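Order-wise, the sequence lines are chains P and D. Every number in this note's numbering is 154 more than the matching position in the first sequence, counting from 1. Every number in this note's numbering is 222 more than the matching position in the second sequence, counting from 1.
Think of the hints as simulated: they come from the structure by calculation, not from any bench. Please note that the accuracy of each hint is not assured.
What the hints assert, rightly or not - List time: in silico DSBU-like cross-link candidates among lysine-lysine, alpha-carbon distance up to 35 Å:
hint, chain 1, residue 1, chain 2, residue 2
1, D, Lys-419, P, Lys-337
2, D, Lys-291, P, Lys-338
3, P, Lys-216, D, Lys-291
Said to hold, decoys possible - Using C-beta positions, here's what the derived DEER-type ranges look like:
hint, chain 1, residue 1, chain 2, residue 2, range
4, P, Glu-304, D, Asp-473, 26 to 34 Å
5, D, Gly-487, P, Thr-329, 42 to 50 Å
6, D, Gly-273, P, Asp-280, 28 to 36 Å
7, D, Ala-539, P, Glu-304, 49 to 57 Å
8, D, Arg-369, P, Thr-329, 53 to 61 Å
9, D, Lys-444, P, Glu-334, 23 to 31 Å
10, P, Gly-348, D, Pro-546, 29 to 37 Å
11, D, Gln-239, P, Cys-347, 34 to 42 Å
12, D, Lys-540, P, Gly-348, 24 to 32 Å
13, D, Arg-491, P, Glu-334, 51 to 59 Å
14, D, Gln-554, P, Thr-329, 45 to 53 Å
All values reported here derive from a predicted model rather than from experimental measurement. Note that beta-carbon positions come from the ideal geometry of N, C-alpha and C, so glycine has one too.
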Amino acid sequence: MEDKNQGSDPKKTKSITRRSFLRGAGLSTAGSVLLTTNTFALDYKEQLAAGKEFGPEAMTIKMKVNGITESLSVEPRTTLASALRDHLELTGTKIVCDRGSCSACTVYLDGKPVNSCMMSVFDVGDKEITTIEGIAQNGKLHPVQEAFIEHDATQCGYCTPGMVMSCVHLLDTNTDINLEDVKKATRGNLCRCGTHPHVFKATLSASKKTT
Amino acid sequence: MNKFSWYEAKSVEDALQQVNSTVSEELYQHTNKATVFKSGGIDVFDWVKEGLLQPEKIVNIRNIPGLDKISYDQKKGLSIGSNVTLEEIASNPEIKNNYLALHQAVNHASTPQLRNISTLGGNIAQHNRCWYFRSVDHQCRRKGGDRCFARHSETGENENHAIIDNSSCVSVHASSISTALMAFNASVVIINSEGEKKIVSMDDFFVSPAKDIGMENILTAKELITEIILPAPSKNSRSAYIKEVARESYDWSLADVAVVVEVSGNTCRKASIVLGAAAPVPYRSLEAQQAIENKIINNDNAVAAAKAAMAIAKPLAKNGYKVPMFTSIIEQAILQTT
Ligand SMILES: Cc1cc2nc3c(=O)[nH]c(=O)nc-3n(C[C@H](O)[C@H](O)[C@H](O)COP(=O)(O)OP(=O)(O)OC[C@H]3O[C@@H](n4cnc5c(N)ncnc54)[C@H](O)[C@@H]3O)c2cc1C
Ligand code: FES
Ligand code: FES
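Here chain P stands alone, though its shape is the one from the complex:
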């Protein structure tokens, strides 16, 4: 797949992008705000049970991302990673291998880490997406993010958002962690710069601070 931005025209539906909206509203993170840029957007939840066909052309669907219901025009071949980056301008999520092999594109689907590059945006349905942009709260970095800075756990930074997502999820689900747990949680996260030892230290130190 040479063109990662394929599968519909991101510009079509966006009269307001999330970025410009947030900028305009003067917020660093927004709570639960409903963007009604397209009143004809399909509520995917209602469509799920129906035995219906979608596409191949683009259509407008709704998707809940970091607590905000977004409308976006996508095709079935639009991956979740592309929807986030190219349609919603949430470029914190990185696409590196685009084949499920590196976990740079990790986001949460109803709280569970998944590879956004290997899913269609139509796989999301009424589930909630959390991206790296949704990890900091009220402008304050998550303890894992702070520890990454403190322990120099990032170099080129391409794997970092995915790494952080894996480590935050570990701390969210396990309050008493050891080195083996961190290794297990980041098993799928490849780092070509070799930051792993610092990622392990950072996560262990963040875990002490959150408990």
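Starting from the known structure of chain P, arrange chain D with the ligands on it as the hints suggest.
Same frame as chain P, now just chain D with the ligands:
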């Protein structure tokens, strides 16, 4: 990816009305008119991204109600719905307690992220990872071509390939979970578009390329896997699973083995020993089973069984290392059951 439409199936019958091809058939025939199933979609999207599969329509079977249950009964055994995710299997305590080798195999398969998406039905029906099969530049026999690029004694990059039953296509099956399922004598429950149900043993589910190069398993277009069932383990049964990979973090199997034994005292009464990444389909080693049955499980007998398993191996130019690797893990897995 090519443009395709998406059908959200509401039931098994509904899905079977829509579909017109298996992925294997389409990879062989290239009609570009195929309507295929997608469950987790990890493998389907991989093929579409490579441009090797250009479906007209994808039928999403992932949200069909009723296919996502795990149920265990001491007498009836275990049933895992085809849409159950690998992570749900990995974290199920009854599976860990009663089918340890399956628990271990699932825990060693792919990454935490992928396990949250991949389903068991999709895992056993996934397609082999031979790099020539997955390359647009190589028209190999599985894609309707006339050659197996991997088997060539000088140019073939065959370090990951088969050492047993490798006279036709030399790829190995990618599902390391199937190694454990087969060792537990699992069966696949399949429903067709007429509503007929059949139960096929894992031993008969996979199709060797020597028999039919265009198929990897017995599924035809109008068939859907609904569940995978495992008989109840007998009281005196024990199991173990070992997988060798190139990287410590996660990787596809270079060699894996599942051993399920029934013992009385230290003696092995019955053995079920399956090798993964050894042959084009998961390989039940009757040689190893016969060598260990009715013997005391000790070092010497485990070594003898491992050697018996490997006596039939015919490595290719670059995968000779698999023979000592299998010999070692078969021996270790047998000993781990004591
Ligand atoms: C980087 C990487 C590493 C991996 N490592 C491992 C590993 O070590 N061990 C391992 O076992 N796996 C491994 N996998 C496989 C992975 O975990 C998935 O199980 C697999 O790719 C397919 O599962 P899926 O549910 O996404 O299937 P899909 O992609 O949805 O489907 C796969 C095939 O099955 C068919 N299908 C799906 N469901 C049904 C059904 N119910 N009835 C009939 N046909 C059906 C589809 O049409 C398709 O042909 C790995 C994958 C990747 C990308
Ligand atoms: S970009 Fe998705 S796993 Fe590598
Ligand atoms: S910091 Fe460069 S890939 Fe990890």
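Tested hints:
1. D:Lys-419 to P:Lys-337: 43 Å, violated
2. D:Lys-291 to P:Lys-338: Status holds; Cα separation ~26 Å.
3. P:Lys-216 to D:Lys-291: 28 Å, holds
4. P:Glu-304 to D:Asp-473: 26 to 34 Å: 32 Å, holds
5. D:Gly-487 to P:Thr-329: 42 to 50 Å: Taking Cβ atoms as reference, D:Gly-487 and P:Thr-329 lie about 44 Å apart, which means the hint holds.
6. D:Gly-273 to P:Asp-280: 28 to 36 Å: 32 Å, holds
7. D:Ala-539 to P:Glu-304: 49 to 57 Å: With a Cβ separation near 51 Å, D:Ala-539 and P:Glu-304 satisfy 49 to 57 Å, so the hint holds.
8. D:Arg-369 to P:Thr-329: 53 to 61 Å: 56 Å, holds
9. D:Lys-444 to P:Glu-334: 23 to 31 Å: 46 Å, violated
10. P:Gly-348 to D:Pro-546: 29 to 37 Å: 31 Å, holds
11. D:Gln-239 to P:Cys-347: 34 to 42 Å: About 50 Å separates the Cβ atoms of D:Gln-239 and P:Cys-347, which means 34 to 42 Å is violated.
12. D:Lys-540 to P:Gly-348: 24 to 32 Å: 28 Å, holds
13. D:Arg-491 to P:Glu-334: 51 to 59 Å: 36 Å Cβ-Cβ, so the 51 to 59 Å window is violated.
14. D:Gln-554 to P:Thr-329: 45 to 53 Å: Roughly 35 Å apart at Cβ, these two residues miss the hinted range, so it is violated.
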